[in-house]
Amino acid sequence: MPTDTAHAALFLFAHQDDEFGVFQRILDCRRRGLRVACAYLTDGQTASASAAQRNGESLAVLARLGVAPDDVFFAGAELGIGDARLPLHLGRAAQWLMRWLDRYPLIDSLHVTAWEGGHHDHDALHALAVNIASERGLLGRTRQFSLYQAKGLPGPLFRVLAPLPENGPAVAIRIPMRERLQHLKACLSYPSQRTTWIGLFPFVLMHYLLRGVEQLQPVSVERLRERPHAGALYYEKRKFFSWDQMKQALDAWRCSPSLQ
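The sequence shown begins at 1 in the working numbering and counts up by one.
A few of these clues could be false.
As the list claims (entries may be wrong) - Okay, derived cross-link-like pairs now, DSS-like style, lysine-lysine, Cα gap no bigger than 27 Å in a straight line: (1) K151 - K247; (2) K247 - K237; (3) K185 - K247; (4) K185 - K239.
Unchecked claim - Listed next, with one range per pair, are the computed distances between beta-carbon atoms: (5) S48 - F203: 20 to 26 Å; (6) S189 - L88: 37 to 43 Å; (7) R238 - P165: 20 to 26 Å; (8) V221 - L88: 20 to 26 Å; (9) E78 - L209: 36 to 42 Å; (10) M177 - R238: 23 to 29 Å; (11) K185 - V221: 35 to 41 Å; (12) A63 - T196: 35 to 41 Å; (13) V171 - F203: 19 to 25 Å; (14) R211 - R136: 39 to 45 Å; (15) E226 - G140: 18 to 24 Å.
Honestly, the hints are just simulated from the structure, not real lab data.
Every residue gets a Cβ at the ideal spot worked out from N, C-alpha and C, and that includes glycine.
Make a model of the complete structure from these sequences and hints.
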């Protein structure tokens, strides 16, 4: 990979549409004159949508935020990592991520999905990024953003854009009303994920109208040894993955040479 000498704000996503958690942060970084680069660590392929369709949707949304298409990387497609399978391919994903970071000797900030038990791909990506950031001396510049989690909620219920207190103090970015409306419109720009967004959008709408903020939190290597929160995680409730499986996958990766 060639080296980029511009100051860069980097964003790591597990899935195409995860960017909805940091629309304002991306916009603010571009306004500061930073080069914004985004990477997706799964291919986005689902039973109802092709990887190409999902890639196109995210490219269009990011373009409206000022991100150049050449600064958007679809690592999951390159590596053959399917949606919901990132914990099974941590070594290859880590190697790619380390090469990607080598492109940017001047990293202003690194952003990654939160350690919150919402989706197992999100937690796996968080663990990869935080371990590698620690190795690279980037922990102080790394921030996590919440997408959804189910702490203390019964059944299939979940909260959207609600950072866990366990992850440390959250810094809120106030979003002007005009931009809240733009971001809500962007949330409707993923037609391939219509079913998912039928569930998500009402909560995102209420959050934007009532609170109107994005929140970022620091990261910690020590937190990775802890369950994201007490009680069943959302991906456990949905029977997608388990905490024991996550621990086993992360322990196996930590014992591999991929961080060397």
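Structure-based check of each hint:
1. K151 - K247: holds, 19 Å
2. K247 - K237: Distance of about 17 Å is within 27 Å: holds.
3. K185 - K247: The given pair, whose Cα atoms are some 37 Å apart, is violated under the 27 Å limit.
4. K185 - K239: Cα-Cα ~31 Å, so violated.
5. S48 - F203: 20 to 26 Å: holds, 22 Å
6. S189 - L88: 37 to 43 Å: violated, 30 Å
7. R238 - P165: 20 to 26 Å: holds, 23 Å
8. V221 - L88: 20 to 26 Å: Holds, at about 22 Å.
9. E78 - L209: 36 to 42 Å: holds, 38 Å
10. M177 - R238: 23 to 29 Å: violated, 34 Å
11. K185 - V221: 35 to 41 Å: Holds - the Cβ-Cβ distance for K185 and V221, about 38 Å, lies within 35 to 41 Å.
12. A63 - T196: 35 to 41 Å: Since A63 and T196 have Cβ atoms about 22 Å apart, the given range 35 to 41 Å is violated.
13. V171 - F203: 19 to 25 Å: holds, 21 Å
14. R211 - R136: 39 to 45 Å: violated, 33 Å
15. E226 - G140: 18 to 24 Å: holds, 20 Å
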